[in-house]
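Take a look at the letters that make up each chain.
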Amino acid sequence: MSEPFLSIQHVRKSFGATTVVQDFNLDVDKGEFISFLGPSGCGKTTMLRIVAGFEQPSAGRIVVGGKDMTSLKPNQRNIGMVFQAYALFPNMTVAQNIGFGLRVAGRPRAEIDARVAEMLALIKLGEFGARYPYQLSGGQQQRVALARALAPKPRLLLLDEPLSALDAKVRVSLRDEIRAIQRELGITTIFVTHDQEEAMSMSDRIVVMNAGRADQVGAPFEVYNRPATRFVAGFVGTLNVLDAVVKDPASGAVEIGGVPVALARSLGSVKAGETVSLALRPETISMTHEAARSISIPCTITAVNFLGSVIRISADTGGNSLSFDTFNNPAAPPPTPGDRTTVHFSPADLLVLQA
Amino acid sequence: MRKFWAWAAVIFGMLYFILPLLGMTEFSLKMRRGVYSFDAYAKVLADPRFQETFAYSVGMAIATIIFGVVLIVPTAYWVRLRLPGLRPYIEFITLLPLVIPAIVIVFGYIRLYNTSSFLPLTGSATGTNILLMFGYATLALPYMYRAVDTGLRTIDVGTLTEAAQSLGAGWITILARIILPNVLVAVMSGAFLTFAIVIGEFTLAALLNRPAFGPYMQLLGANRAYEPAALAVIAFAITWGCMALIQVVSRFAPRAPAQLH
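Residue numbers (the working numbering), protein chains in the order written: chain A, 3 to 357; chain B, 861 to 1121.
Because the hints were derived from the structure by calculation, they are not lab data.
Don't take every hint at face value.
Said to hold, decoys possible - Straight-line alpha carbon distances no greater than 25 Å define the calculated SDA-like cross-link-like pairs of lysine to any residue that follow:
1) Lys-75/A with Phe-914/B
2) Lys-155/A with Ile-1032/B
3) Lys-75/A with Ile-1032/B
4) Lys-75/A with Tyr-876/B
5) Lys-75/A with Thr-935/B
6) Lys-75/A with Arg-940/B
7) Lys-75/A with Pro-1071/B
8) Lys-155/A with Arg-1037/B
9) Lys-75/A with Pro-880/B
10) Lys-75/A with Arg-942/B
11) Lys-75/A with Leu-943/B
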């Protein structure tokens, strides 16, 4: 097994009596795109700042390329960083901003000019070198910030919520652009975000953080479809949580709102008569009966939200409330609140939630 | 009606300030009996002591500004970046020169740094000049610190510092190439105010016995009639020139830092 390029080992960070990062461990391969995903205050930005060197860990080590970087100052680490607030130097032009790291490193003028031109072409702002930051839009400024971070050829690229300050359209186009540039350069990248869609669309692996810990590390498909904890299941994507009464733990037989359901797995240490929480993604529920969706539960529609291509419907099953999606069909208007209907899903789609 | 009272207040204020100045200016032009002339100005400008004391004060002002910038920019920057909790205390300290009279400061200096003290700065002209510069920097502290601190407030000091650090920059590079250029207008404002203070300052220079412009103005005022008025007009012109320069410089300032969209 090859040595990881970045290794975060048993990192803990406390501010006074408050511990914001607890025993954080992560190995990242060269060229990987990793996202730290979690709600505000979960410790993701603190962890990123520890990697950058802006915060010293209370315990643990940061190893990059086999070298312990824990005690190095930020300006000795050769790690590029892009900030949410762009942080372009207002007194410098775009070209001067991009060339700043190279000038600090004392590179020859010709090399700086060539690298700046290369970076400007990479971010498709070739004509903007002489402009000042205030003359650019938010998206353009963030692209310049990315080019500035990449110009000195850093070993690692850190992105601290770089899309949060941008409007929705720019955010989507820029995230594709960032991912394309990252793939082209093959640079190992850590991306911090609280936006699950961003994390899932961009990352090779996602680290879902909760209260200073990494609750789950995995590919987006795995994290979404096989959440390791109840927090991950709830935070990544929309989730319906159903209370089910256990009938036979060994065979996985339960009852949801009086309807018997055979789960695809046994329930281990749970006793008969106890209640377990089951999770169901909205897209796995349908109002149309199919062979694979063997469980049918009658319900009453409580709300209908038209979202354009998708309609999100909420329903009450008499004890549990469900939310599910259906595609917009101009020929078939959606149900209205108060309508009685039946929803269908497959027992294979039910996730048993851990605490 | 509201407009009338607003204009009335403005006109009253202008008369209150401008009439004495007009009176003084007119008086300074009346040296030659019966006609207006610039005789008083010519006499003042031709006086070798005017040239000496003015040149001395300009030199001291420049030294004070350089010392003030070197002392205050890093201090205000560091307080904003790493010691924000100390800001109220630092602000209080910088306000002290406004409530402690210059005469108290200068007697303190003389007591601490006289020829029989551990650091006998008053024992030589150079030492006394250095002492005077420290005194001027103290008097200018409230204005210089506030100007720089206001400038720092307009930029995201923390993030810009971290961005520069992540690009390999050390503290001196960050201060010289990122922070100072972005607060240059504020620094210039503080510098011009310092200049105006140093040019007109009397107490410190007189009690430290240095050939500065302030004591020269006082000496002239005690012995002549028209020249002091001419000198006062010149001093006003220098002060207003400094104010005008602040306005001019602010036009060349780098624009406000990148705003979030």
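Handout entry: Hints not upheld, ascending by number
Key = Structure breaks hints 1, 4, 7 and 9.
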